[in-house]
Every structure is written in structure tokens, then in C-alpha cells.
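Q: One letter stands for each residue in the lines below.
2 protein chains.
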Amino acid sequence: MDRHFSNRISNVPKSFIREILKVGSDPAVISFAGGLPNKDYFPVKELQAAANLVFQKSGKEALQYTCSEGLLGLRHLISDHYKTKKQVSIDPENILMTTGSQQALDLIGKTFINEGDEILIEEPGYLGAIQAFSLYQPNINTVPLLEDGVDIVEFKKIIAEKKPKFFYTVPNFQNPSGLTYSEEKRKAVAEIIVANDMILVEDDPYGDLRFEGTHKSLFKKLIPDNTIYLGSFSKIISPGLRVGWVAAAAKLMDRILVAKQASDLHSTFLSQMMIYEYLIANDLDAHINKVCKVYNEQRLAMLAAIEEHFPKSVSVTKVEGGLFLWLTLPEGVAAKKLFELAISQKVAFVPGDPFYVGKTNVNTFRLNFSCATKETIDIGIKRLGHVIGSNI
Amino acid sequence: MDRHFSNRISNVPKSFIREILKVGSDPAVISFAGGLPNKDYFPVKELQAAANLVFQKSGKEALQYTCSEGLLGLRHLISDHYKTKKQVSIDPENILMTTGSQQALDLIGKTFINEGDEILIEEPGYLGAIQAFSLYQPNINTVPLLEDGVDIVEFKKIIAEKKPKFFYTVPNFQNPSGLTYSEEKRKAVAEIIVANDMILVEDDPYGDLRFEGTHKSLFKKLIPDNTIYLGSFSKIISPGLRVGWVAAAAKLMDRILVAKQASDLHSTFLSQMMIYEYLIANDLDAHINKVCKVYNEQRLAMLAAIEEHFPKSVSVTKVEGGLFLWLTLPEGVAAKKLFELAISQKVAFVPGDPFYVGKTNVNTFRLNFSCATKETIDIGIKRLGHVIGSNI
Chain X
0 MDRHFSNRIS NVPKSFIREI LKVGSDPAVI SFAGGLPNKD YFPVKELQAA
50 ANLVFQKSGK EALQYTCSEG LLGLRHLISD HYKTKKQVSI DPENILMTTG
100 SQQALDLIGK TFINEGDEIL IEEPGYLGAI QAFSLYQPNI NTVPLLEDGV
150 DIVEFKKIIA EKKPKFFYTV PNFQNPSGLT YSEEKRKAVA EIIVANDMIL
200 VEDDPYGDLR FEGTHKSLFK KLIPDNTIYL GSFSKIISPG LRVGWVAAAA
250 KLMDRILVAK QASDLHSTFL SQMMIYEYLI ANDLDAHINK VCKVYNEQRL
300 AMLAAIEEHF PKSVSVTKVE GGLFLWLTLP EGVAAKKLFE LAISQKVAFV
350 PGDPFYVGKT NVNTFRLNFS CATKETIDIG IKRLGHVIGS NI
Chain R
0 MDRHFSNRIS NVPKSFIREI LKVGSDPAVI SFAGGLPNKD YFPVKELQAA
50 ANLVFQKSGK EALQYTCSEG LLGLRHLISD HYKTKKQVSI DPENILMTTG
100 SQQALDLIGK TFINEGDEIL IEEPGYLGAI QAFSLYQPNI NTVPLLEDGV
150 DIVEFKKIIA EKKPKFFYTV PNFQNPSGLT YSEEKRKAVA EIIVANDMIL
200 VEDDPYGDLR FEGTHKSLFK KLIPDNTIYL GSFSKIISPG LRVGWVAAAA
250 KLMDRILVAK QASDLHSTFL SQMMIYEYLI ANDLDAHINK VCKVYNEQRL
300 AMLAAIEEHF PKSVSVTKVE GGLFLWLTLP EGVAAKKLFE LAISQKVAFV
350 PGDPFYVGKT NVNTFRLNFS CATKETIDIG IKRLGHVIGS NI
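Heads up: the sequence lines are chains X and R, in that order.
No gaps in the numbering here: position 335 of the first sequence is 334 in numbering that gives the first Met the number 0, and each next residue is one more.
No gaps in the numbering here: position 202 of the second sequence is 201 in numbering that gives the first Met the number 0, and each next residue is one more.
Everything labelled a hint here was simulated from the structure, so no lab data went into it.
It should be emphasised that the depicted structure is a prediction, and the values quoted were computed from it without experimental measurement.
Be careful, since some hints might not be right.
Sample of chain R residues at the chain X side, in silico, Cβ under 7 Å [as the list claims (entries may be wrong)]:
(1) TYR40
(2) VAL43
(3) PHE111
We put the beta carbon where it would ideally sit given N, CA and C, even for glycine.
Looking at chain X on its own, in the form it has when it is part of the complex (with noise of 0.2 Å):
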């Protein structure tokens, strides 16, 4: 039945990350895989109390259809964030609720490319991103990215050449990099996007999970009509209830609304609702510092190890906050295969790879460090450690 596929599906392959993570699965492995924020810490009897009352309160309403737009009053909280937090005005009436943020990047595939539409990434690039938009058949440019953001000289340079339809930024501790733009790299990029009358597209799951250093502009401040803004409970408060949003110009989400509704009418409410009533009962800026303190210890014990274990030819970046380290490997190692020997060492990573488009055997990798303890960081990093140390 081949011939009845898509060329889209055909094109896409089978997540490389989906079968990583299942190697990963090994309870013998120490997993610096995965993307996973720390389910230890997760709010779950704060979130049962909000169950509970979501059921007390209005149970009929939270299991029935809605709106595909997503709940007025989680909305009207997001945008209060918004105000109180980082000086951005957004209307609650131009944000709507998707299931985790991943929802918002095929709806953004499916509401502006084209098959052939040339579009702009970073490189390295959120593969999740990479992945949903391919199956809208885009032509994918990258643009190299620094320790403060992209290369702004490649940008111009290739923004004259293709003239993308937008590009896609994780601007804040980057899913892979960890790394996050500057103030002046921000206000350059925005510069750059309103010359060409281009949209930006802010991918922010990780940006409250700061653990040193000053918030940054939102390009959604800067430049707020070209940009399309993804956030996300999921890093913050839970994965698993799939409780995202985006935000963009009215003129922008009456066409998102369209392919929302018709890619599943609407988010689970319950969990809309749950979250509503655990905002309005507890402090979530407490709960995300509470986060970020442990965060940054298994950050900073993983820091240690590598600066103990890893040659010195093998680079980190330099990160404030997140989920992610990136390493650099010398020119010519390529991560892929020193995957397959830390394996058998018992530990894993993410080769570079699945982050770039049309590169393979690169030699970067990148290393989890929210999922795990001091201790198994230090056996795990040991470990890796020396299986580079034997094989570069």
C-alpha cells in the first residue's frame, strides 16, 4: 500500500530521538538523553487540589466540548504573566490554547508554508521543530549559531538571498545549545525581521528556568506584530496535561484558529482548567525558583565532572539556565559513533545530528541534566569520559 502515502510522511524518518530514548530505556544506562524536565519535582498534590476543585466547581464543564480557542480565563492569567513579568502587552484574545507547543509549530507548518517555501532555522535547531515543519515540505535554510545568538552577517546574508517566509528561534537556554541570545543580538535580529516584512517565530518553553544572569527582551516585546509567540506549562509545571499557547496578531490567528480546528478542535479542557485553579492557588514563581535551584546544581555538578572527566579538547557551552549542555567534539569525531561505545558503557546522550538539516556525523552532542542526580552525573560523565578519552 505504499503508493497511498503522502509524499510528506514518506519523506519524514522514523524519529532518530524516539529510538535513542528507547536505548536509553535500559535501567542499567544513565540516560543524559532525554529532554525531560524532573518529574520529582512536579506539583502533583497542588495539581490533584486543582482537580478536585475543577470537579467541584464545574465537572460537566470541564468534560465537555469547548471553544477551540481554549479557556478565557487561563488566557486572561497567561496575559497578566505576560504584563507583570516582562513588559509585553498581549490581547488574551489573541492567544490560544494548543496542546504543548509542539501542537503550535504544526499549526504554524500548516497555516504558512507551502511545499517549496523557503523558511529559516538556527543551526543547531530544536528538532521537534525541524521534524513538524518537514511535513509541510518547506526548503529548510540554517543559520549558524553563536554564544549569543545567530551569526547576524549569515542572517542578512542569506534572508537576501531566499527571502524566507520566517524564522524559527528558541531564543531562550536553546533546545539543543543551552544557549540564549543577547540584548544587542535580539534587537539586531528584530531589525533584520521588520526590514523584510518577515515573521518570527519565538519558541520560549524553557525561558523562566533562568538560573543566573537578567531576563532578556522578548522578541514579542520588540517587535510584537511580526512575532509568533509558543509557550508552555510543560517545562514549568507538567508535560504530560499538554497545556500550551501562542500568541500572534489577530490578523495571524484568525487563520491559526482555522487550523486548529480542524487538527482537533480544541486542547483537553480539564487541563486547562486544572491549571487555571493551581495558578490562582499557589505561587508559581516560588514553584519555578524551587526548580531552577535544583536545576542548577545538577547543571553545575555536571559542569565539574566535565571539567574532571573530559578531555580538554572536547567544548561546552556556556549556559544560564534550561535543560541542556551542548558539547563540541575536535573536527572529525563524529558524535554518532562514540554513541554506540557509550552505550555500551552504559550511558547516553544525543548525537548532534537530528539538529541539523543535512549534516551528518557531526561532532557536537548534547547532554540532558535536569533528570538527573549529583551522583549519577558524576559515575554518568565519568563514564562518558573516558570512552572520548579512548576514542578521539
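Given chain X, put chain R in place with the hints provided.
A: Leaving out everything else, chain R in the frame of chain X:
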């Protein structure tokens, strides 16, 4: 920024139904326009208990990311249900949990439709499917639906002429017509599908809501390898939880799964675990019987009121279950025009137009009986009969 939109999204009109439901939400309007299950019969307490059990037993897991296929235990229960109740064998590995059936329609569009592909649906057909498929820009062919299923002569003719990739059908208590395929019609359709190496998409959200007559064979039983089956808990437990599923042969599922990953990683995990615990602790059949009893009373009340208040020139389909009646006005009378007049008389229905491809001002309309009491049915149908009687 119009130049940024994709062709697919520019071609899809804003949901007509959505606009109708907005008008119908005026509390003074008696609305038969919705397609919702009756929230007064949701098992609210039982689902609250299920939620508490999930939080007690595995709160952290329910709140974490999970695999794209969804909860394996729930897929086993679904598989068991088909084995014991419908004599159909479906491997749990070949079941994928979706965000309601609507998402399954989107995944099918993603996985199978190239721009310009021929596909085939019923006329009238489910508008959510028309909307979902339209985004992938196929040529949608239609085949007339008769009292016992599609017109077989037309069905053969269109398939011979257009060689569509798949045929999409709602064989039980169809939305919008309420009609059900006879056993003979199922066998005839199945034979043609196999002879033409086609896929049949069997959308079956209402199948368990049978008030009289006997259950008919699923296409998934008759031609399992050719059939992609869509099921849902929306009409029998709760739609707001957004738990549906798609079952397909492994070779097809392999690709549908890639589409699912790219679309939203996975559906809400808490919802799936809640339904699992609900099914373990409760008698679903007893619950369905209770709901069927109520809906049937409402159906009978609506039929009686139609008999009393509608002109004899208006005909109604004979339905044995589900949520809808489908009515035909004398030729040349546009249901859409009557809609405006009905609204002014504080009663709402859905004119047939959105259930057709490329036809407008049709003389058919849909009435929903699941959400109205016998009293409001009597008042509303009387009002509607008056509008119709004065304007045809």
C-alpha cells in the same frame, strides 16, 4: 501579511458551524444546532474518583511526557472491547491514542493526501472531516448516501473514474444524516474497496449509541487490512478529555505514528489514565445503556413533535441511534434562508450546506436531539414548524 499564508489555509473558510453555534448560544434560543453529548449524563463523580486514583497511584507519571502511541493499558482495554463486543481482533500495538477523532482525521490527511489527490466521501458528509482533509488540498469526490448506505452504482462509477486513494465513511448513525449502512451494503462496499486496493476510513464515534435494531459488522471486521478505524470516548464518556484512537494495519500505523509525533508528541496522558481507571472500576455498558435510554426518549419526542408540527412535505430520516435527525424540505427551499427566520423565532438548527462539497442553498438540515429536554423539544419544534409552514 497575507502573502505569508499557505494556500491551504487561504482556501479553508471559517467554520460555518462555529458561527451558527455562536448565534445558538443566546440562552433565549432553543438550539438543536449543536452536536454535543448531553453533559447532564457525564459520569462526573466516577471520573473524579478515577482522577484521584491516578494521582494516588502514579501522579508523577501521569504528569510527565509519555510515548506517542499513548497508554498501553488503555489500548489493551480498547482491543478487548472490540474482541468481545464486535468480534474484531485489533492488536493493541496497532492502536494509537489521539486528541479526539478529529485529530485522527488530521493525521490521515497528513499521512495520505497529496495536493490534488482524489478522495471520496459521503454526501452529505461529516463537516469536520471535510475541513480536516481540505487542509491537505485533495479533490473531494462525493457519493450520495441512501437510507441503507451509499448508492452502490454511483460508488462504483466514481471509483472507476477517479481512482480515489480512500473512501471516508461514518457507517453508524452518521453525522449529519443519522443513517446506518445495512449489512448487505457493508459487504458490497467492502468488496469494491478490496477489488480496487483502496483504503476505507471508518469513523465510528456513535456506533455504541444504538437504541433499536442490531449492531452491524464493522468494516474493520470485514476488511481489516484495508480499514483505518477511528474510535472515540467523546460521545460515550466525555469529549472534553479529548481521548480518541485510530486503529490500522502495522504498515499504515508506522507512518501515522510519525504524523502524530510531529503533530503534538502525544495526547494528554492524565486523560488516558483517567479513562483507564474509569473503565476498570465501572460498567461502561450500563452507562451507555443509561445514556441511550435518555437519548431515545428525546429522539421519540422530537419525531412526535415533527409529526405534529411540521408540514407533511418535510421528510425525516429513520434513525436507530446517535445524536441527529436529518430533514429534507421541498425541492428549491433553501434551509439556510429558513435559518435566519428561525433565529428570529428563537430556535436554531444547522442548515445542510456545510455538509456538502461545492453545493449551497441545499434543502436539507440537521437537528440534534441529545441536548434538549422533552419540553424544550416540543416548544422548539413547534416554533420551527411554524417558521417552515409559513415559508415554503
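Q: Where does the structure disagree with the numbered hints, that is, which hint numbers, in rising order?
A: 1
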